[in-house]
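**Student:** Got chain A sorted already, so can you dock chains B, C and D onto it with the hints?
Protein chains: 4
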Amino acid sequence: MKLRTAVLGATGYAGFDLAKLLLRHPKVAEPLFLARGTEAAGQTLESFYPEIGGAKSYPLVPFSWELLAGRGIEVLFLATPHELSRELVPEALAKGIRVVDLSGAWRLKNSGHRAVYGFTDQDAALAAKLDAEAVYGLPELHREEIRGARLVANPGCYATSVICALTPLVRAGLVNRQCGVICDCKSGVSGAGKKPMQKTHFVEAADNLSAYSVFGHRHTGEILEQAGLNDDELVFTPHLLPIPRGILSTIYITLDHAATADGVESILREFYADAQWVRVYGHGKLPQIQYSLRTNYCDVGFQMSPDGKRLIVVSCLDNLMKGAAGQALQNLNVMQGWSEKEGF
Amino acid sequence: MKLRTAVLGATGYAGFDLAKLLLRHPKVAEPLFLARGTEAAGQTLESFYPEIGGAKSYPLVPFSWELLAGRGIEVLFLATPHELSRELVPEALAKGIRVVDLSGAWRLKNSGHRAVYGFTDQDAALAAKLDAEAVYGLPELHREEIRGARLVANPGCYATSVICALTPLVRAGLVNRQCGVICDCKSGVSGAGKKPMQKTHFVEAADNLSAYSVFGHRHTGEILEQAGLNDDELVFTPHLLPIPRGILSTIYITLDHAATADGVESILREFYADAQWVRVYGHGKLPQIQYSLRTNYCDVGFQMSPDGKRLIVVSCLDNLMKGAAGQALQNLNVMQGWSEKEGF
Amino acid sequence: MKLRTAVLGATGYAGFDLAKLLLRHPKVAEPLFLARGTEAAGQTLESFYPEIGGAKSYPLVPFSWELLAGRGIEVLFLATPHELSRELVPEALAKGIRVVDLSGAWRLKNSGHRAVYGFTDQDAALAAKLDAEAVYGLPELHREEIRGARLVANPGCYATSVICALTPLVRAGLVNRQCGVICDCKSGVSGAGKKPMQKTHFVEAADNLSAYSVFGHRHTGEILEQAGLNDDELVFTPHLLPIPRGILSTIYITLDHAATADGVESILREFYADAQWVRVYGHGKLPQIQYSLRTNYCDVGFQMSPDGKRLIVVSCLDNLMKGAAGQALQNLNVMQGWSEKEGF
Amino acid sequence: MKLRTAVLGATGYAGFDLAKLLLRHPKVAEPLFLARGTEAAGQTLESFYPEIGGAKSYPLVPFSWELLAGRGIEVLFLATPHELSRELVPEALAKGIRVVDLSGAWRLKNSGHRAVYGFTDQDAALAAKLDAEAVYGLPELHREEIRGARLVANPGCYATSVICALTPLVRAGLVNRQCGVICDCKSGVSGAGKKPMQKTHFVEAADNLSAYSVFGHRHTGEILEQAGLNDDELVFTPHLLPIPRGILSTIYITLDHAATADGVESILREFYADAQWVRVYGHGKLPQIQYSLRTNYCDVGFQMSPDGKRLIVVSCLDNLMKGAAGQALQNLNVMQGWSEKEGF
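First to last, the sequence lines map onto chains A, B, C and D. Numbering follows the working numbering, in which position 272 of the first sequence is assigned residue number 272; successive positions increment by one, without gaps. In the working numbering, each number is its position in the second sequence, counted from 1, plus 344. In the working numbering, each number is its position in the third sequence, counted from 1, plus 688. In the working numbering, each number is its position in the fourth sequence, counted from 1, plus 1032.
Note that these hints are calculated values from the structure, not bench results. Bear in mind the structure is a predicted one, so any value in this text is a computation, not a measurement. The hints are all genuine.
Cross-link-like lysine to aspartate or glutamate pairs, in silico, DMTMM-like; alpha carbons within 20 angstroms at most:
| id | chain 1 | residue 1 | chain 2 | residue 2 |
| --- | --- | --- | --- | --- |
| 1 | D | K1059 | B | E686 |
| 2 | D | K1341 | A | D231 |
| 3 | A | K309 | A | E265 |
| 4 | D | K1034 | D | E1372 |
| 5 | B | K685 | D | E1083 |
| 6 | D | K1231 | C | E734 |
| 7 | D | K1373 | D | E1177 |
| 8 | C | K1029 | A | E30 |
| 9 | C | K973 | A | E51 |
| 10 | A | K56 | C | E1030 |
| 11 | D | K1341 | A | E233 |
| 12 | A | K27 | C | E1030 |
| 13 | B | K453 | B | E477 |
| 14 | D | K1088 | B | D618 |
| 15 | B | K400 | D | E1297 |
| 16 | B | K539 | B | E390 |
| 17 | A | K56 | C | E953 |
| 18 | B | K629 | D | E1083 |
| 19 | B | K473 | B | E427 |
| 20 | B | K453 | B | D576 |
| 21 | C | K997 | B | D575 |
| 22 | C | K973 | A | E46 |
| 23 | D | K1141 | D | E1257 |
| 24 | C | K883 | C | E771 |
| 25 | B | K400 | D | D1306 |
| 26 | C | K744 | A | E265 |
| 27 | A | K95 | A | D123 |
Next comes chain A alone, as it looks inside the complex:
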């Protein structure tokens, strides 16, 4: 029998990409698309995204725990604001529903890092317990824990891009922490969400580039925790690119000790030997945003400075795929013991 899932937030960009993926997945039944509050209930998913219109209709049904129980939902995907996710997850787990949460609500282990979100949990003790229990949903780092997890915190888009590039090198001891790691990251506009804002207006975003959230982006904590760096060892600067989707991160590493390009390539290749969704490029071959667009790949390439003292790592992914919906599906595959490529 096919797996029964529900998606809350399918009208957002990440939620909709997830909806499309789930609708194609051979082992998943047609998901229940949920609407919360009065906003979208009664409407259909195809009224927001006519591209999936045609023979079938996909109604948005009002969220209720009774409905989830009645439909026997086994896995709930939350593509919701983090406050809402913070509110719904305890109840979902209590009812025996596994959750893949695409928001930032449950990603951080360090309470200092978590402070940027300003959570106001109703039951602080339970929240703290779930903070500890939640598994950071990057299968390349936490495959085993995801398998049995009740709550998977799907990583941030920028964070995935940086962590995939950086972690193998940090673990191999290559990174000089004194100089710190510089992560200059560029993301397409869908990363800013579907709600229209001045900065996402076509006229302001097109033919433009801007840095934002300098020294203060929420994904910083995730990167530090997962890559294994201290707070002052990383600089992460996001930029808004005039493209609909895609992230490219240029990561600058001062090497801690002498290394060869071959050595670095080996470290990356070994680390990702079993990974289905990370592609390591040979030395000097750098990924571009187009290469991973509309796929679930995170592409990692690098180049060493002629003097062997520095490393530039370039990492690309599609922020709505490996950076959000694709990763959520990959997590589902891991949780269910399916092939990680299933449904892609």
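**Tutor:** What follows is chains B, C and D alone, placed relative to chain A:
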């Protein structure tokens, strides 16, 4: 002494382009930038558009008739919603201030056409008088009337593009009215205004094209009245182009009687012999959007069908320049008896 | 056993999209990717398109009839210039290999229309025989003939878009032929091919729009023949859109006799009742380019003028999918008696 | 009497922007537009760029020293490949013509840095003498030398962006050289020149981002020499942005010693107190590409890390204006003793 002007609505796209033009105009004093309501007063123009920041600051001051009188404002530019323009113009004229209105409020002579705006004038008789008095601000058609006008109704962007291409040919009797004229028009996103909407969100507008307001766009009336066509003799279809600015109109004419390419070119060249801001292209050379971008030109080119029975006219302009702010400045130049190229 | 196919021209845009589709098709073996001349032989497909790189490599092997025979190739896809296709097809058929040709070489039945290509066939009699035999590969019009065809002439991208919108209405007798049908079509830049040219340079194509091949585009003949119009009953104007892919056609029809929106909708829905890859929209709901992007759908919507005298039909598709590679795969599915949705 | 100038290379992107600027400059006569070889002679500038078409024509005349002499050319602008510039400059200077060279031919003082260009000078001794004599044409650094210069080497676009941001801070001793300065730079596609290439094809450049020339871009030497850094103290990584024009450089500095945001702002403001074309932003206000587009400004903003140990400087300019043609005109203004804002 330099001319004293004021601009209401300088924070919108057309208003801002007008502000920049006026600030460079050698015969115009630094304009007064007005804010209405509490919205923007106290802010500066450069806080909305940092590109004009630098040595000087341009404060937005609260609109009041006293202020206009105190500063001796001679010409008021309204880059405002048409309802507001409808409200302010009678008072401005009563106070002896000439107005160039960039909205659709005063463009239409035919009350049937005007119905689409649904005006609710406080003083209907006065409004009717001003509807009659207002001069349609296309200098290529109404240069003499603009010169003495108290109220210049600056044309719509699409309308300018179509009227410039069509009017000489209609007047020359070339147009077969039975089959009608088809105007397939495409505009950049700034034409939809600065306020963020779903359709102007970068992710929805980029990599896309859509027709809108089919058989129902407000500029239709202007085109009919100015080009001299009856209601059922024109089809005008706007499309939203994934570019910040620029309009290209492809206009399909069935010829009423045999004509030669040379003949058509002569008609156009003669019509625009004195025009400073319309460029007529030779037969078979068609303008592109880039050619007139950031200029005040309306470019008109055409191609005749091999059988001599049809004509395709392509007309391009910058919707914020000849389609709005540039035309407003051109109108000012005409009103003041200055060269039409002054300040460009 | 899986079907054995080969692709000549897989490094072009349409050829590459076809390669990706064939590689995913469950009933097709990994295709043979052919290179002709010395150009690309020895290189790999992933060296041109790193996005398909990863675990596998896809070598480009030099084209030879011996190789095709040795590998038991059953279907050959030609994504080649029309001259080359004109040269290769007679030989392929003689060797018992079925061909789906993506060029314009075999699409036209009317020798007058064919003149624009200026073919110089070595064996004119055989070429004439094959011109007659070739089936125009639009399954929505020629499903039965495609099934048994040896040579399928895959339609042009613009042509598909216009024919799908127009044919049902012409056949229903709705179209006033005197005024003619106006087809204002806009295509993304991939339609111009992969070879760099001045007009496809990013700086010239971006922030721009231009009409081209006015009264002289090669797809005109296809449209006339398939939609069933005479030469002077159609105007087709292509425009170059600043987007990578996608076509939107705005089609203007003067109605021959009174009709209702419901009536028109019925005509379209009945015509496409069995079509898997054409989506008919309800009256007043118009497709946009984004809706069919990266799918094989041709979307058709329409709006009637308030006076019931005119019809605007908007048709959208992805020029590399339903306009080229996707249609080729759909044709393959029909030729093999598979579901038309197989492999998508 | 107006200054007599000539431009070789006016059909390229930078050359054309320079042509437009010179044509508007009130103290410069209409420039002579030169063509070399047979390529463009006999054609007109407006045949390449129809946007300047209209009342006047701008013929491209074959380059010859006799012509330059006959016309009394005082200043020659070279927007040519560096090899050609290397060849022509000695002769021009010998003939008493001052040169502003937009290529990289004469920018570098350090012969090690110059090696990347691989010059093959006919008269090596003379070339060496001119290498020493050439003035690096960044008026903000070399105003006095430019005034009397015979040969002004107009800076690279990336280089201008980085040098303007970095030099004041290096000179103030704020930069920790051990960790090095990281310059992550992004440029619009016009920076790659007008000649069509695969990487500048719209379909490859749009919806994409890529790093290139990693650890090996030719502008590196200029930056090192002008900012005053040693070879291993700078990393400069260019990226190709999907926009027509504009550069944004994100520059990462580890501070050598404690500093305050106010202190940094003072350093920048003092350094540029007399600069007409550099705008310093207040702490935390960062420039975006749109702000300086189509102006000659280099915009410099910065943000300090909360711990006061790092500085991120963001610098923006238009690569064809302050990054090429605008800077060339600014240099002309300095050379002639005119206001640096003249003609803009």
